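Residue numbers (this note's numbering), protein chains in the order written: chain A, 1 to 467; chain B, 1 to 467; chain C, 1 to 467; chain D, 1 to 467.
Since the hints were derived computationally from the structure, they do not count as laboratory data. Treat each hint with caution, since some may be false.
Covered by chain B, according to a simulated footprint, are these stretches of chain C (three or more residues, beta-carbon under 8 Å) [stated by the list, open to error]:
#1 353-359
#2 364-370
#3 433-441
The model shown is predicted, which means the values in this text are computed figures rather than measured ones. Glycine residues also receive a C-beta, built at the ideal position from the N, C-alpha and C atoms.
Number of protein chains: 4
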Amino acid sequence: TEEGAGVSGDGEDLSDLLTDLSQVHNSRERASRLFQWLISPVPAKTFFKETWEKKPILVQRKNPHYYKGLFSTAEFDRILRQEDVQYGVNLDVTSYVNGKRETHNPPGRALPFTVWDFYESGCSLRMLNPQAFSSTVWNVLSILQEQFGSMAGANVYLTPPGTQGFAPHYDDIEAFVVQLEGKKHWRVYNPRTEDEVLPVFSSPNFDQADIGKPILEVVLEAGDLLYFPRGFIHQGDCLPDAHSLHITISSFQKNSWGDLLQKLVPAALEVAMEEDVEFRQGLPLDYLTYMGVQNSDKNDPRRTKFFSRIESLMKKLANFAPVDAAVDQKARDFLHDCLPPKLTAEELASSVQGAPVRWERGQVTDVCAQITEQTRVRLLRAGCARLCSDGDGVLVYYTTDNSRVYHKEEPKSFEIETEHTDAVEFLIHSYPKFVTVGSLPCDSEEDKVLLAELLFKRGIIQTAEPL
Amino acid sequence: TEEGAGVSGDGEDLSDLLTDLSQVHNSRERASRLFQWLISPVPAKTFFKETWEKKPILVQRKNPHYYKGLFSTAEFDRILRQEDVQYGVNLDVTSYVNGKRETHNPPGRALPFTVWDFYESGCSLRMLNPQAFSSTVWNVLSILQEQFGSMAGANVYLTPPGTQGFAPHYDDIEAFVVQLEGKKHWRVYNPRTEDEVLPVFSSPNFDQADIGKPILEVVLEAGDLLYFPRGFIHQGDCLPDAHSLHITISSFQKNSWGDLLQKLVPAALEVAMEEDVEFRQGLPLDYLTYMGVQNSDKNDPRRTKFFSRIESLMKKLANFAPVDAAVDQKARDFLHDCLPPKLTAEELASSVQGAPVRWERGQVTDVCAQITEQTRVRLLRAGCARLCSDGDGVLVYYTTDNSRVYHKEEPKSFEIETEHTDAVEFLIHSYPKFVTVGSLPCDSEEDKVLLAELLFKRGIIQTAEPL
Amino acid sequence: TEEGAGVSGDGEDLSDLLTDLSQVHNSRERASRLFQWLISPVPAKTFFKETWEKKPILVQRKNPHYYKGLFSTAEFDRILRQEDVQYGVNLDVTSYVNGKRETHNPPGRALPFTVWDFYESGCSLRMLNPQAFSSTVWNVLSILQEQFGSMAGANVYLTPPGTQGFAPHYDDIEAFVVQLEGKKHWRVYNPRTEDEVLPVFSSPNFDQADIGKPILEVVLEAGDLLYFPRGFIHQGDCLPDAHSLHITISSFQKNSWGDLLQKLVPAALEVAMEEDVEFRQGLPLDYLTYMGVQNSDKNDPRRTKFFSRIESLMKKLANFAPVDAAVDQKARDFLHDCLPPKLTAEELASSVQGAPVRWERGQVTDVCAQITEQTRVRLLRAGCARLCSDGDGVLVYYTTDNSRVYHKEEPKSFEIETEHTDAVEFLIHSYPKFVTVGSLPCDSEEDKVLLAELLFKRGIIQTAEPL
Amino acid sequence: TEEGAGVSGDGEDLSDLLTDLSQVHNSRERASRLFQWLISPVPAKTFFKETWEKKPILVQRKNPHYYKGLFSTAEFDRILRQEDVQYGVNLDVTSYVNGKRETHNPPGRALPFTVWDFYESGCSLRMLNPQAFSSTVWNVLSILQEQFGSMAGANVYLTPPGTQGFAPHYDDIEAFVVQLEGKKHWRVYNPRTEDEVLPVFSSPNFDQADIGKPILEVVLEAGDLLYFPRGFIHQGDCLPDAHSLHITISSFQKNSWGDLLQKLVPAALEVAMEEDVEFRQGLPLDYLTYMGVQNSDKNDPRRTKFFSRIESLMKKLANFAPVDAAVDQKARDFLHDCLPPKLTAEELASSVQGAPVRWERGQVTDVCAQITEQTRVRLLRAGCARLCSDGDGVLVYYTTDNSRVYHKEEPKSFEIETEHTDAVEFLIHSYPKFVTVGSLPCDSEEDKVLLAELLFKRGIIQTAEPL
């Protein structure tokens, strides 16, 4: 297919693919290629048209190596050994036996000695943010978040043979279940009611009696993929003969039109009250005598008039909706949620993070060249910075100082002078093209260089050639 | 005029009027009569149609006794002497000299010795909640709040001859300036712009240069009334030959359609997200690349589509608006803002507050008769209680335990059993008629009496005859 | 007796006594006379030497009128009717039946209708701060607090015939049980152990089985007094033929040497660390290896040495104790706890509170004379103001702006300039003598008058003649 | 010297020494040997007797390699490159030019590009907690803290040639300035007054005019050591021809007798008030009339009596001092402050942290043997756990789950059953000897093994042989 051009799982493992992708110079293109690899051979276009948010889909590949390199139990073991994994924060120990779901987390650090002991006794292990410990998972998610325009997260699940770790339930995210090792028997069920289609919140644990018959039942093997939208109930258990390791990649948590409206609608009302006197006019003197729940059964013409005035005002609200400003509020949240980019070798070499300047033999060496008007620059990634107006000033929000641990850092932003707005906007819109610092629409030559230095030091832009 | 029937300021002072009004058995009727007296001879109907929220109006009566009994400087002095008036809390000492507005409040209690010293040196005195100290002001405001369906407040202003205490400004309330003693020279100005018509917030102090020419200039004398809507700039100063005492009665602070929508609109969105899957559907994957302030100049067809989807969703919102529930939220706030009713002698005699039971000669005497099914009851005032649904249960909110000091008490409410809802609603809707306890639509005879006792003990209902 | 000279309960009721006392010009003398009346005929000197904090004492007078005028059930009824008495805040409804102690407070205001209903059904009523509602109780306590040098409080107890309202227990205060009406059967028991002699905290409710035999059993009649120290267990019940009303006057809560040391000892250590290097020297490197609970059984000579060093440092601590500063901390708390003085007619006439200046016939009249150097002044009460050093500046703490409701007002104080310290100290030490403003040791004549005006406006000083 | 036996800086670098020390089986012995190396050739005994907390001492070695391996600017550069160093949190950029001390921290991560730019422009760099980034510094400090019985901290300072980064000042810690690279010119000054000997708080920056003449002036070269006690003013600047890198190792912050007394003295008073009625007796009725600052000049015999009563009570306080419990409070703070131990290979192999159990070829392998009664165990380090009574229960506090970042983790402890107290105490006192699990004084065989497993899983004990 067109979308799949140049990406193939056959005989190529993920690290090769990621190396190839590092040569794709537009990060949005990179993102769509990686997503295509994830759901291949289904074309992404088809997927988003027919499947996304609509129904489950299963990809069986008969190729256990397809997702190789993404994550493994060996990596799991290495992480336990080398990193500070804390029970309850980074790792959950769970079981689901005879319809009873339990969590067994002790306090403190999860060391192999205790973790493997739990596993041997039949407990499932869920690693909550593998992106903080695995560079590859970090890299993959940080690329995919540009595809989704919404945070991409992941959990890893390791299940002993013949056991189940979780009760049937549905989640509040779009889920891509990527089978990495072994096998797992999955059952997927339709949302139970219209109200649970694309739900806002995850469900509690269900009893088997509550969920009806599965619409999909399958044994997932290494290399296979199972996608299902939020609201679809699911459960997975291991066959007696094999353990299972899978990673669930997720996105679109609180990313609906309604979530945007939650930011937009109060803002629209505020604007309406400022701009339209109808919204500031007083309520009828006597409205409390015929409105309200205690009067809801009254057949009073004043009620009709009141409802119709309300309806008219609510309809007018749309005229005052500051849509772009509300999108920016949502964008700010997204930029805060984002993983920082995992830089390619080339990106490193041309950005502040990989600047060669260093201490050697008693002094600072390899001091970088200065940024000049001739230096050619661009954003490090299409989505790594965004210009937002914050009422008073103009702010640049950016992802490059975020942490691999969710929200460990505060939202990162800095205010820029109004006269630099055009230059930053120019840079953002020029991506993926490099432009010379001299071409930035600033008032003075000095300003151009100072602005470029500022953005370079924050890790937001890269140079065409290493400094 | 029709509205004015039976109320006249001629030769009748306020205490007579209030006595007359105590014989008006419907508190809403009582309220409209008192309001008519306030603005007489302008018919209330005309006033609300042509003047209210639209323009200033002046009533000159040539009758200095018209408002007699409402408040006086002698009462002011008595209050200072007998009550705990605190500077900054209950009393402000101000001056406006050579365009400079100052406040002179020392800490602590405002005693006559210091207060009159300030007055003698040319300072104005503003008493902030005379209703807490003056029974008459309390009575008048507690009646008027039923007319407005919104809190009625008051400030008293005492100004020495030849001085001005405040800079020109506009307020966020409808103002009735009632001249009580002496004279005051007033100037009223139009709102400066469309945005300042019926404004949401009060203005800062203005310079004389900012406010243009007055549309009304007058010397108010005792017995006169000046009304102006929120947003109309005003200033008053004393002539060299007379001090001035006036009370400003105010209402309709934060009581606009927009204020109601602030409660309604988020609730409507919440319902919409629960009931309509369109609100739960995900945003477009790429919306951040063409929406937001940084893309607002882009001519992108996807923007048009996005705007039109937003518009369509916002228009639909009205379908989900829980109007009665939002009105109840507003009603709850109003009931919290309300002054408690000042009971008439008759109301006292037939309610818990005036029950004759007392200690005399070593024992409890005059024990009241029990409430029985034959007892006839009704609400103490039309607006003293309200049935609101609070998500889970049904609550009765009520004003009779409020304080004369604004929000000194928490909102007063109690939950009633679902099977008592109809009975309370029946009582509310029966007002001003008395009904027998036996006629309450409750499951059992015992329930009827228990419910009536509960409402009686809270001071919400009165009996037709003293118990 | 000498102490009792001039005060007698015979035929003289409390209001006469209080009138007499208003002629006693030294408030400390006034306090000791009132206390003498309370415990008459026991001489106060004897009482404090032999009884106070040591054992119960009973005074039976066969004079039911002795305490007449202090409080009555009629006053109780009046308060319910006229004041805002809140269940749980100002009034408790209790019962003690078959060994079970219960509280029956409903929410909201305590109106006669419901209160007397509880009483009739056998519940006891405890009014928690009668001083806020009764001028006489306020007056008596505000005088007695000068006698105790510690807050004087009171509760009123009304008990129906044949009932008991409280379980046996002991309190954390010295208690003077003053029988006002009817009769009550009292039993008093010794503290159960040495640890419960003069206890720091009140006890829980005891079972009858826990408290042994009473050391005192008596039927208290109107006019009688029963005193017992904190720690003495007590219970009282009504005989079938009479109700009981008593007021318990209390003092010396948290007023022990230990309470003072809690302020003094940390301060002493702070001074010691500043002034004596021995306190700043480091601990032994290895002290954790032989000290601490896990090493407490070790027989290690280093432990002995460590203990002895600690002992030596603790003994030295006394040398650094800022005793007067700690007493001032305690004094500040006391002044905050104090009731404001209830002024006599004469005090009123010569202080800011009773200044005759008033509004009459359209203007301020009876403007007071100015304070001049010839004006003779003194503190309004011996204990109404106190000079305390607060680290940086010198502050005057005072009681005259306190509320009759405990701690309703913040502690009242103001900073004075260092050069006014001597003058305020001079005033304090001159009491009860009047001194001329001109005799205040200030730098300038103007300063003397300004300081006197300041103190006069705060209600701290009175003039020898009305201004 | 005796103390120095087996540790020498000649030709041996720190990693060899640390390897040697890993063979020293008692962690306290290990600590004292490492400390001896630090101050060699001065014998530790002599040092602590004559120098510690008393005066500066200088060790010039003419051996630039003596401290090699502890830290280097190359390591500094590596850390900037690889770790998340944040300006203001982990790194300060400072300058001291013409008597003006400035800090230049930008927000965000400190990358080599910006850091070396600051350095090149003459700024000094202070790394605030090198132990979080350097394993060697972590190891050294975690060993030394057992020598000091108090937290050992460190800062690293890198100064460009010809500059000074800090104003003269004194600190609140004992400081060991270890010169690592280049040279630095130091001046040390006596405490200015008795009050600044062994001060509780660090000083502000001083002007050169405030500090007098240095008592020690020297150019420190790589391999040299300068120690000075808290309170000694110091400043260091670089000669024009060489940069300087030094690490300052510190200890004994808030570790004085007075700091212990701050925990002990309030506790002693609490006990005294419980146990001795003299502390609970009331203050004199009239003490406020002769005590307090306003009475401090009075010559009143009651003052003498009051002072002497206070003195007597304060002297008695020592009798009630719960010294071991207060030491435990201090110990708890210390265990919270501690770095976690950096385990040697051998410690790793025999503790939970290095247990060989792992995931290999699709399954859990190398499962450890079980702990049995025959297993021989001991604490991992002498000071890694401590038994403290916490009022109600007995708690084990421990350091093995602490973070290398100061107080990043909450204090770590767990309650043990009372019947296990003896066993834990036995284990603590047996150190450095191994004991069999069977020899633990527990009630049952099962208990012994369960307790050992618990302690093993927390990382508190090691086994004599790998499991």
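Quick rundown of the hints versus the structure:
{"no.": "1", "hint": "353-359", "in the structure": "holds (count 5)"}
{"no.": "2", "hint": "364-370", "in the structure": "holds (count 3)"}
{"no.": "3", "hint": "433-441", "in the structure": "violated (count 0)"}
In this structure, the one hint that does not hold is number 3.
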